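Spelled out, the chains give:
2 protein chains.
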Amino acid sequence: MDINGKRLMEHINTLGKIGIGEDGRRIRLAASDTNRQGRDQVAAWMEEAGLQVVVDRIGNIFGIWETPENKGETPMMVGSHIDTVINAGQYDGCLGVLAGIELCQTLQEQGVRPKHPLVVGVFTNEEGVRYSPDMMGSLVYAGGLSCEEALASVGTDGTILGEELKRIGYGGTVEPGFLKPFAFLELHIEQGPIMDVEGYDIGAVENLQGIHWQQVTIKGAANHAGTTPTRLRHDAGLAAAKVNVFCRQMVEKSGGVCTIGTMDYQPNAVNVIPSEAKFTIDLRNPDKARLDGDEEILAAYLEQLAQEEGVEITAKRMTCFDPVPFDEGICQKVEKAAAARNLKCRRMVSGAGQDAQMMARICPTAMIFVPSVKGISHNPAEYTPDQACINGANVFLDVVREMIGA
Amino acid sequence: MDINGKRLMEHINTLGKIGIGEDGRRIRLAASDTNRQGRDQVAAWMEEAGLQVVVDRIGNIFGIWETPENKGETPMMVGSHIDTVINAGQYDGCLGVLAGIELCQTLQEQGVRPKHPLVVGVFTNEEGVRYSPDMMGSLVYAGGLSCEEALASVGTDGTILGEELKRIGYGGTVEPGFLKPFAFLELHIEQGPIMDVEGYDIGAVENLQGIHWQQVTIKGAANHAGTTPTRLRHDAGLAAAKVNVFCRQMVEKSGGVCTIGTMDYQPNAVNVIPSEAKFTIDLRNPDKARLDGDEEILAAYLEQLAQEEGVEITAKRMTCFDPVPFDEGICQKVEKAAAARNLKCRRMVSGAGQDAQMMARICPTAMIFVPSVKGISHNPAEYTPDQACINGANVFLDVVREMIGA
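Here the protein sequences line up with chains A and B, keeping their order. Sequential numbering from 0 applies to the first sequence in numbering that gives the first Met the number 0. Sequential numbering from 0 applies to the second sequence in numbering that gives the first Met the number 0.
Next up, chain A with everything else stripped away, as it sits in the complex:
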C-alpha cells in the first residue's frame, strides 16, 4: 500500500503558498492572520479525509479518525506544526502534518479498519518566533507548561497569545492532554546536510540533542587603538574570539556542536578597543553527561580567561533542554519499513528541537527524517524532492499501519 504522492505534494505546495506576502517572503507566525489561513486549509483537508476536528485551549488542532469498532481504544498520534519562521521554507513541520492527513485518507480509501484510533496533531507555536517558548503547544499538551501561563505569553509585537488565538478562531475549549496516545510518530525534514551529503533516504531518529543556550557578556576597557600598548589592553572582542576558538576545540572532543551565532561589540568603532562583547553560545550534544561536562569545561575556561585578559565575564542561562532519547522499538520499525522498500536508512540524531521531544514525555515516541537538500532550512531555499517526501510518507504509513493494527 502506498500513499497518494500526487495529492500529498499538491497539499504541500498549496499550504506553502499561504502566507507569502507582497515581498515574496513566507511568514505564518503563530496565531497570526496567515497562520489562521493555513489552519483553515488544514482543517478543511482533515474534514475531507473524514477526520473529526477538535481544537484544544492552547490552539492545537487534532484530526481524529476513529471507527465504531475502535472507539474507546487508546489512539496513536502523529503530527507536527504549520507555523513558520520569518521567510520560511514550505516543508518544515508541514510535511509531518500533511503526510499524517494523507495516510488517514489512504487507509480509508483502501477500506482499512484499524484496531486503534489515529490522531493527527497540529501543534501551536513550534517555532517560537512570535511567542516564547518554542514547541509551546506540544509542551503544554505534555503537561510541561500550564495552559494559563502559555496563553498569557506576550508576543514580540506586544500581543497576548490567548487573545490572538481567540481572534483567529482557534481558542478551543478542550483541555490539552485530553487524549493519551500509546505512541507518537513525527515525519520531518532533517534540516541538516548529513543525509543529503551521505545519500540516505530515511532517517530513523533515535535521539534529540540536548540544547544549552547562554548569553555571555565580556566587559573590558574601551581605549585608543593606537596609544594603548598590548600589555595594558583589556580587549573584550579578543576575549570573545578566544571563547569561540575554545568552544570549537571543546566540541571536537565531546562530539557535540557549538555555535556563537550573535556578536555585538561596544562601542564598535574602528580605532577603539572593544569595551564590551555580548554574544550567545548554542551548545548541543546528544549525550547528557557530555553536554553537562562541556558546560563545566566552558565555565572553567571563562573564569581563567577573565583572569588572563583582565576582563569581567558573566554568563546567563537562556534555554536548557536535556537530550531526549526516542523509543528504540519504533526506530527498529522505521528501519525495517525502509529496508522493505529498498530505501537507504541510517540512525539519526535530531539537531533541532521538535514537537516529538515534548510528546516523548508522555508516550513512546520517535521521528522519521527525510533529507534536506544541502541541509538548508528556515529559508525559502529549503527543499526536499517530491520523491523523498513520498518515500518518507510511505515509510511513515507502513510503521503507523503496523502500530495501529491496520
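In case anyone wonders, no lab produced these hints; they're calculated from the structure. Any given hint could turn out to be false.
Since copy identity is lost for identical chains, a pair holds within one copy or between any two.
In the DSS-like style, the derived pairs of lysine-lysine whose C-alpha atoms are separated by at most 25 Å in a straight line are [as the list claims (entries may be wrong)]:
| no. | residue 1 | residue 2 |
| --- | --- | --- |
| 1 | LYS373 | LYS218 |
| 2 | LYS179 | LYS70 |
| 3 | LYS165 | LYS218 |
| 4 | LYS287 | LYS16 |
| 5 | LYS252 | LYS287 |
| 6 | LYS114 | LYS70 |
| 7 | LYS179 | LYS114 |
| 8 | LYS179 | LYS315 |
| 9 | LYS277 | LYS218 |
| 10 | LYS287 | LYS315 |
| 11 | LYS114 | LYS335 |
The structure presented is a predicted model; accordingly, all values stated were derived computationally and were not measured.
The hints should help you fit chain B onto chain A, whose structure is shown.
Just chain B now, kept in the frame of chain A:
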C-alpha cells in the same frame, strides 16, 4: 622663565565649556556652529596676545607674532587643533593651541625679542569625524591634498566643507602653505596610558606609528546551529575569531598593536551559523618594515584560513599611513629642557595620528606629550592634571625659546 599656568588653565577650561550641549556632551565638529564659537574665542585670545590672525583657504587659523626686527626671517610654527570628536574631552588638541598662545603672551610680557617670528596654527578638521580625511587642515597645508578637493569634502550630514567654512566665517583667502616654518613643535596629551602607568611627566615623541586599516569580509554559509555537524560548517564568525587571535600573536612578535574594533555578524541569530562576519583591522607599528611585514603575514594567513574553513575572505584597504620619524635634534632639546626642570622624561611613540605628522613633510618636527590619566581620551573622562599641563607648557616654552633665539 615660566608660562602663566593659571591663565593657561583658565583658557583650557573656558574653551572646554564651548560646545557642551543640553545633553552634557562636548561636541565641536569641524566647521560647525560650536566650532565657530571655539574659533572666535581662540582668535580673540590670539589678538589679546598681540598676534596677527590670518585664516587660510582650508580654514586653518594662524596667530603670527613677528617683530619689526625679525620680519622677513623664517618663522617657527607650533600648534594643534580645536575641533573635537563626539562627546569629547577638553584637552585633546586644545592644550597645544592654547599653550602656543600662552607662550607668545609670556614671552611678550617678559619683553623677549626673538630672532625668528613664531606662529601658532589651529588646523581644520583634525578629528575627521564630520569630514574625511582626518588631519585635513595640516595635510592640505603640507601639500599632501589639494585645497579644492578638501573643500569639496561631503560631511556625514551631507554638508560641503567649503560652504560650511564660509557660513561660519572661516573660509579664508590666504593659500595654505603660505608660511614655510623652519620647524614645527606640537604639545599634546598622550591619549594613552604609558606615561601615567610608568610615572613620567614629559614625553619626547620621536616617532609616530604607521597605521594600516583594512575592512575584512568573511563569507561562510548560514546553517542550522543544531543540525549541521562540525565537519560541514563554514562558520564566518569562527573564522573572524581566529583572525583576531592570530593578529594578537602576530603583533606580540613585531612590537606593533592590532585592534579589531568593529564586528558585524549576519544573520546574527542565536541558532544560525554566521554566514558573514565583517570587521575592521587597525594595525600599527612605529617601524615601516615591520608594519608592511605584518600586513604580508596577515594576508598569507587569511588565504590559508579561507582554505581551512571553506570560507571566502576579502580584505579592502582603508587608511594607510607610513610611520613618521620625528626630528632627533628637537627630541634632544625636549629631553634637555625636561631634565633642567627636574621632570621625568622618556622617549615616546605617538600611537595616534597628529597634525605634526603632516607638518613633518615640510620641516623638522617633533611633539611633546604630557600624561593622560588612565590613558583615557576621546571621552569626557579625558584628564590631565593642571600641573602636568603646566609642566608640558613650560618645557614647550623652553624648547621654543631656544629654537627661535629668545
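- Query: Tell me, which hint numbers fail for this structure?
  - Reply: 3, 4, 8
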